[in-house]
Amino acid sequence: MTTLPAAVPAELEERSPASPESARRRTGRRGGLHRGTSKLWVFIIPAAVFYLFIVLWPSIQGAGLAFTDWDGISPTRAFVGIDNFIQLVNDPKAAGAIGRTLLIAFTITIVQNAVGLLLALGVNSRIKSRNLLRVLLFAPAIITPVATAYLWQNLFSPNGAINALLEGVGLGALTQNWLGDGDVAIWAICLVVIWQFAGYSMVIFLANMQGISTEVIEASYVDGAGPFRRFWSIIRPELAPSITINLMLSIIGGLKLFDQVWVMTGGGPGGSTETMSTLLYKNAFQFGDFSYGIAIALVLTVLVAILSSGQYFVLSRQNKD
Amino acid sequence: MRYRAVVTMAIGAAVVASVAGCSNDTGGGGGGGDTLTWATVTSDKSAAEEAAAAFEAETGISVEVTASGVDEYQTTTRTQLSSGTAPDVFFVWAGDGNPMAMQVVSDAGLVADLSDMDFASRIPEGFKSVSQNGGKTYTAPISSAGIGSAFNLTAMEENGWTIPTTWSDTLAFCGQAKAAGKTAFALAGATPWNTQLISYALAPTLVYGPDPDFAAQMSAGDVTFADSAWVDVLDKYVAMQDAGCFQENALGTVYEDALDMVAKGEAMASVQVNASLAAIRQGAPDGTEFTLAPVPATDDESQTRMAAAMGAAYGINAKAKNPEGAKKLIEFLTSDEGQSVYNTPIAAIPALGSSTFEPDPALDSLLEYLETGKTDPFMDQLWPNAKVQQVHFEVVQQLLAGDVDAKGALSQMDAAYAEG
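Protein chains in written order, with numbering that gives the first Met the number 0: chain A, 0 to 320; chain B, 0 to 419.
Be a bit skeptical, because a hint or two may be false.
Calculated lysine to any residue pairs in the SDA-like style (CA-CA distance at most 20 Å, straight line) [to be verified]:
(1) B/318 / B/116
(2) A/92 / B/402
(3) B/318 / A/75
(4) A/92 / B/414
The following residues of chain B were derived to be distant from chain A, with all beta-carbon distances above 12 Å [to be verified]:
(5) 63
(6) 125
(7) 128
(8) 159
(9) 208
(10) 215
(11) 231
(12) 282
(13) 320
(14) 330
(15) 355
(16) 360
(17) 370
(18) 415
For each label pair, taking beta carbons as the anchor points, the in silico distance ranges come out as [to be verified]:
(19) A/153 / B/241: 21 to 31 Å
(20) B/44 / A/153: 18 to 28 Å
(21) A/90 / B/44: 31 to 41 Å
(22) B/174 / A/309: 25 to 35 Å
(23) A/95 / B/247: 19 to 29 Å
(24) A/129 / B/242: 23 to 33 Å
(25) B/281 / A/50: 42 to 52 Å
(26) A/95 / B/120: 45 to 55 Å
(27) A/61 / B/112: 44 to 54 Å
(28) A/311 / B/281: 47 to 57 Å
(29) B/301 / A/158: 47 to 57 Å
(30) B/220 / A/311: 47 to 57 Å
(31) A/131 / B/242: 29 to 39 Å
(32) A/230 / B/410: 48 to 58 Å
What the hints contain is simulated information worked out from the structure, not anything from laboratory work. Quick caveat, the model's predicted, so the values are computed rather than measured. Ideal placement from N, C-alpha and C gives every residue a C-beta, glycine not left out.
Sequences and hints are given; from them, build the entire structure.
Following this line, the structure appears as C-alpha cells:
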C-alpha cells in the first residue's frame, strides 16, 4: 500500500485532480466549477420549456375544469366551485371504484413483484437456457396492453382456449365465466396485468442481482447458510433499490389501470370491475359530464401522489437501514 | 457567445412549443378544396365507402372515409369537435340520449343548419322531432333501422322449428332449443350496447304501444321507469334467461361471438338491429337464409310492435373545411340514388325513400310493421341525457347476474333521467 508523502510539492498539489481541497480553492478563486454547473442548467431549458407548454400548462388548465360544469363540447363553462368534489364524495359508484382500484393496485403490486423476484432468482442461476428464458419472460412487457387485453379477452371467452384447455385436461370443474362473472372478472384482469408485467419487474431485480458480489454469496456457502438465509440476509438487503423502484412502478401502474379493464370488461359486468380510470372516462366521454370526470382524475392524481410518495418515504428509509 | 446561442435556442423552442400548444389545427381535421372528410361508425362503414365511391365518380370530389366502433367514435368525434379538428361530415344519432346525438351537438352549435336544403321538406313526420332542434333541421336522415330477432331460417328448418309469435311460444321455443343442445337467442352480454336490445324489443309492445304518450309523460315528470310497465319489460328479460333462452355465460359473450353463433347455427337467433344481418351473413355458409322477426311480449300476436326509428343520420361540421363539398355529399346521400347506394350494403331501409332501392327480403316483417304504423322509436332517442342509456347497459348486466331486481334497476335509470 502506498502512502502519501507528508508534504506534497505545491505545483503537484495545484495540478492534482484528485485533491478536493485544491479543487475547492480553484473554484473559489475563479468560480470555474460553479460556472460550469450554470452552463449545464442551460441545456435543460429547451426540454423544460417544452415540458411546461406541452404537459404542465395543459394539465393545470385541465385541472381548472374540475371546478366548472362543462359537457366537453359546449362553448360555455359555468364555474361551480367544489360541487363536483361534493358529488364525488356522495357518489356510491365512485366509492366502489376507489375501493376496487386500491384492491387491484395492491394485488398487482404484491403478486407481480413476488413473481418477478422468483423469476429473477430463477434466471439468475446457472441454468443453460437462462438467456432464452429471460427474453421469453420479458417479451409480454413490450407488447401494448390493448393488444394483450384483446388477446386475453378471446382466451377468457366462454368458448375460449382457457375453458377448452381445462375441459381437455379433465379439469372441467374449474371452467369459469371469466369475464362475465363480476366476482371472477376482477381477478382475471389482475392475472393479465401480472402476466404481462412480472417480466418487467424481473428485469429490474435481475439487473440489481447481477451487481451483488459473488464473493459474498460464496462466503455464505462456506458459512453454511441455507437458501432462505442467504436470500434474506444477503440478497434481500442488496436488492433494496430495485424493490423500491419496482414497488413504486407497480403501485402507480395499478392505480392508473385503464387499458386492460376497458378492453376486457368495460368496467362490467354491472360495474363490478369499474376502476377510477374507467369511471372518469365514462363520465368525461360517455355521460357528457366532462368536469366531473376531471374531478375524479384529480382525486386519482392525489391518491397516486400520496401512496407513491408514502411508499417512497418508507422504502428509502429501509434502503438507508 | 455560446451561452447566448443556447438561450436563443431555448427561446425559439418556447415559441414553437407555445404556438403548437395554442393551435387548434392538428392537421387531422376536415378536408378542403376537392377533398372531403367523412366519419361514420363501423356498422355503416361498407355503406359509407360505397356511397363515397359513387359520389366521387359523380362529382370528382375525393372523400376520405373513416370508421370506428361506437364508443371510440363518440369519444374521438367529441374531442375533435371541441378542438376544431372534426371531419366535414359525421354520423349523428337521432334525437337525444347519446353523447353524439342531434340534440347534444346542435345545442353546442357544432353542426350546421341544413334547413334550407331540399331534403328538409321531405323528412317523414315521425323523424322530424329527432332530426330537428328549435324548428331547424340539423341532420339528414339516411336510413331507417329496426330491432328484432335475427333468425337463421336455415337452422330453424333443419331442426323443424318455426318462429314463435307469442310470448308463451317464445319461452317454449327456448326450452326446445336448450333440450336439443342449441341456444334460442344468443346474447352479447359483454358488449354494453347489445344489452339494451331485448329491452328495446319488448318495450314497444309492453309500454309504448299501450301508452303512446309515455315518453311525453316521462318528460313532464308524470311517470317514472320504476312505476310503469318497464318493470314488465325487465321482468320478461329475466324470464327469458330463466327459461334458458340465452347461452351459458351470456354475460361473458361479446357481440362478434354472439353473431357467429347465429351464423353457424349454434344459436337460432339474436335480438339485434337490422344492420347486424349483414355481419351475420358474412360468417354464415353460402345459401343460409335469415330474417328479422318481431319479438313477441304478450300472448296476443296482434299486440306485438317493433322498435323502428331513424337509423343513420349525418350532420355537417359547423367549422367544416369544405362546407360546399359537405353540402354536395348530403345532397347526394338524400337523393334517390344516394339512398339506394347507401342502404343496400347494410340491409337497411332508406329513410327518405328511393325508387331504385330493392329491399332485403330479410326485412319483410320490419317493412310491414313500418307500413302499418306498428313501430315505436328507439327508447333512448327521447331520453334527456346520455347517462340513462349507459345506466341501462349496466343495470341489465346486474339484473342478469341477479344483483338487482327490476324495480331497483329502473330506480337507477330514474335517477339518471332526473339529472336532465
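Legend entry - Ascending list of hint numbers which this structure does not respect: Checked against the structure, the hints that fail are numbers 18, 22, 24, 27, 29 and 31, while the rest are satisfied.
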